[in-house]
Amino acid sequence: MDYLGQLLANGLVLGAIYALAAVAFTLVYGVVRLVNFAFGELFMLGAFLTASLMLPEVRLLGTIVPMPGFSLPVAAAGAIALTAALGVLVDRIAYRPLRNAPRLAPLITSIAVSVVLQSLAQTVWGAEELRFPEFHLATLPPVVLFDSIYLSVMDLVVMATALAAMLGLSAFIARSSLGRAMRASAEDQMAATLVGIPVNRVVAAAFAIGSGFAALAGLLYAQTYGFAHSSMGFLPGLKALTAAVLGGIGSIPGAALGGLILGLVEALGSGYLPNGTAWKDAISFVLLVGLLYLRPQGLLGKPELNAAGRGSLLGGASEFGAAWLRAAFAKVDGGLTRAAAAGPRAALALLALAILVGLVVPSDYWLRILTMVVIYGMLASGLNVIVGFAGLLDLGFVAFWAVGSYLTSILFVLVLKDQFGVAPADIWWLLYLNLPLAGLLAAGFAVLLGTPTLRLRGDYLAIMTLGFGEIVRVVAINWMDLTNGPMGIRGIPAPNLFGIALGSPRAQFFFALALAVLVVFAIARLVRSYVGRAWVAIREDEEAAEAMGVPTARYKLYAYAASGFVGGFVGVFYAHSQQYISPLNFSLFENILLLMLVVLGGLGTFVGPFIGALIWIVFLQLALDLPFVQAYPETRFALLGVVLIVLMVFRPQGLAASARVALTMPGARPANAKEAA
Amino acid sequence: MKPLTGAPSPAPLLEARAITVRFGGLEAVGGLDMAVARDAIHGLIGPNGAGKTTVLNVLTGFIRPTEGELVFDGAEIGGLGVNGFARRGLARTFQNIRLFGAMTVLESVLVGAHQRFSANALSLVFARRSARAAEAAMIARAYELLEFVGLGADVADRVATTLSYGHQRRVEIARALISAPKLLLLDEPLAGMNAVEKSEIADLVRQVRAQGIAVLLIEHDMQVVRRLCDHLTVLEYGRKLADGPPEDVLADPAVQAAYLGRAR
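For the protein sequence lines, the chains are A and B, in the order given.
Positions 2 to 678 (my numbering) are the ones given, in order, by the first sequence.
Positions 7 to 270 (my numbering) are the ones given, in order, by the second sequence.
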């Protein structure tokens, strides 16, 4: 009973924090139907700003800066105000131009904003934890309930603050004129505009309040656990989003309820399940996946029609953009259009160029980097099938990659070498068997993941895939017997062909290139057929596709399976080329990076993923020579995020957009039609 | 051009029995019975808000009726999904043209032929001869249909959404026809067109029927409806007001009252 009571008390504190952050997601979603992934980072900034304002001095950008040393309430108020202002600024710059864009655009933008804020925070405050200063209430002796349940005074403060904030917000929404305007905008934005509600200002207010709540949650979290860190917002952000979805996104009481349930389930799960603390993150995501499957509208949410937004990022061009920017893109377009007109000859020329580069580059270092370009290009191509062609955001793609890498590593190292003492060189052929096998296994996982998400709208789908990816990662960390846990698997043999080791960087580059040819060839053949036409039709207008006789649910599954196959297939080679894998290789950040590479290069093109990978990975290396980047390596990721936001606002089609992919089988046209065209 | 479907038989092609659709407390369609003959150009008319589009959505599977049953070509189809309706031979166009962005005219039309492809993934990846043959046959058919709807082969490679409004309508009709439907449902095919275009589309509709495909269309232009349709169903407030040959129906005082707003 004492143990249970203590767990319940801990769960309530955690739940109160989740609930506050969930309000941020729910409020903004309610008004603009946007899942703002960046709230996790605003949560983190709330913690950092509060801690900084409370300290006498802080190290910012490596230099000691004197700080006012406020007490917690003053510092918290300041941090909340600053974060709220930042939230409004982000909305103004990154989201408002995309208000009428297809849903994928603001979703990707919010992920990019997230990356920018996190990288900047790490640049400013450094990679180490910042200890959260002690507040005098925290030094008081804890309150003891029923002789055995210990609650610190600050725990009570957290709960009281959360309760007061929630009640205050509910009253505000119910009574104030701005609150009424918010509810009206949530119902119907067009109608709200017509009756004279300044919708942009209402949305800004929702962002301000939401960001304030995220900051409040973040500072309470940091206060409770005693530290602030640049990546601290990631998991709580996901949990808060989970809580919001659990309660029914868009509903404020739902957010409160979802937060409390999640906090309690996590506390009880980590207390009672065997090895529960290790699995507690998986618990919330299993809860999320299960709930979305059974009741996608959440506990208190209204069911929304599964009406996918029409149009895609590729269908129309952005109406924004300065003349010089347009002119610059027009040059890119001109070159690409000419290249695309050359068709297969252009592809062969590219391949010849890649072979030439592989032959002449003298340094092993650069060959390794180019091999990474090809690997990331292939992975991004796999992700591109689902995101670029079928138009579904997938944040769990890394899981397929992980499945492939782990399958081959476990077979080669943990089973055959460690259990049976088989030397990897004797079974070199297993690699070639593992490639398709891992592809099939990952495709199977993809169908498993895809099946429950078919009924879900785009943004829910993103959340679901994200939950799935996290579950796979948590399993990889914690299922020690299967995966060696966080230590990872060492000694994975380099690829080998008929006993000839292909371990040299040059051999690996050509191996990767050969696989890339296979991957692109297979994807291209599928896309340039009725299957690809069905995918693009789903991306452009799901309902119309269905009315044309396309079983959209089944074709979405096929897209998942094809993308999963590529992920597993490439994952096998990845493991053998790196010769070491650990769960760190398969983080959500990698998934976000792949997504950014696809968007950068051009969604729904064959070369786009490789262009994106080439630009990014080469830049990542070259930039290391700049003294500024040496001092602040994180700024490179911030820059990538900024580029992504700019692209989403000004050129959602990506750089290679004019390399538009033909969706008919080459050579299948009647001769006279070719002349007419 | 070869006919698109087999020989007609006397039983109605599509029969809707006692269809009722309620959205919450609102009854959009109440107890509607209607039958579309196999060789009909059937008009569905009625004042704004009468429930015409709701009926069309029921007949294409977009809305599942609260009550009632649908029999198409001798089989109950009420439980099928939207793509199931299309696979049985009901093809449609949309009131607000819904072509796929970023696709060329040829590709858009080919999406309509989706159900006529059957190659599996491996045949596609290895471009087996059967897969190539199927693709070539459908592409040839798409060109035929583009010509049939009055578009030249030169538009085939243009992005469909960049065509003029009238041409987009024709692409939509070609996209619907390539599935080899038994019934073509047109939602206000003449909206926003001038007199010349209207008579061209009316001719096209007659040619479609001449191919053995029944047509059900929603239309507001009574002049065209009177000349084009051989059967009319009039809706008002979600209920059937009249049903029969155009001259009888349009002479019906109740129908005139509904349109002109006279007290009944």
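Mixed in with the good hints, there may be bad ones.
Among chain B residues calculated to face chain A with C-beta under 8 Å, some are [what the hints assert, rightly or not]:
{"no.": "1", "residue": "I69"}
{"no.": "2", "residue": "R104"}
{"no.": "3", "residue": "F123"}
With beta-carbon atoms standing in for the labels, derived distance ranges [stated by the list, open to error]:
{"no.": "4", "chain 1": "B", "residue 1": "N102", "chain 2": "A", "residue 2": "Y581", "range": "33 to 39 Å"}
{"no.": "5", "chain 1": "B", "residue 1": "N54", "chain 2": "A", "residue 2": "P199", "range": "57 to 63 Å"}
{"no.": "6", "chain 1": "B", "residue 1": "N102", "chain 2": "A", "residue 2": "L300", "range": "45 to 51 Å"}
{"no.": "7", "chain 1": "A", "residue 1": "L179", "chain 2": "B", "residue 2": "A24", "range": "31 to 37 Å"}
{"no.": "8", "chain 1": "A", "residue 1": "A192", "chain 2": "B", "residue 2": "G80", "range": "29 to 35 Å"}
{"no.": "9", "chain 1": "A", "residue 1": "A554", "chain 2": "B", "residue 2": "G31", "range": "52 to 58 Å"}
{"no.": "10", "chain 1": "B", "residue 1": "N126", "chain 2": "A", "residue 2": "A279", "range": "39 to 45 Å"}
{"no.": "11", "chain 1": "A", "residue 1": "Y273", "chain 2": "B", "residue 2": "N102", "range": "30 to 36 Å"}
{"no.": "12", "chain 1": "A", "residue 1": "L179", "chain 2": "B", "residue 2": "P259", "range": "50 to 56 Å"}
{"no.": "13", "chain 1": "B", "residue 1": "G87", "chain 2": "A", "residue 2": "Y151", "range": "54 to 60 Å"}
{"no.": "14", "chain 1": "A", "residue 1": "A554", "chain 2": "B", "residue 2": "A81", "range": "19 to 25 Å"}
{"no.": "15", "chain 1": "B", "residue 1": "G87", "chain 2": "A", "residue 2": "F629", "range": "54 to 60 Å"}
{"no.": "16", "chain 1": "B", "residue 1": "R134", "chain 2": "A", "residue 2": "F629", "range": "54 to 60 Å"}
In case anyone wonders, no lab produced these hints; they're calculated from the structure.
Please read all numbers here as calculations on a predicted model, not as lab measurements.
Virtual Cβ for every residue (Gly too), placed ideally from N, Cα, C.
Inset, instruction - Starting from the hint list further up, note which numbers the structure goes against and sort them upward. - result: Going through the list in order, the structure violates hints 1, 4, 5, 6, 7, 8, 9, 11 and respects the others.
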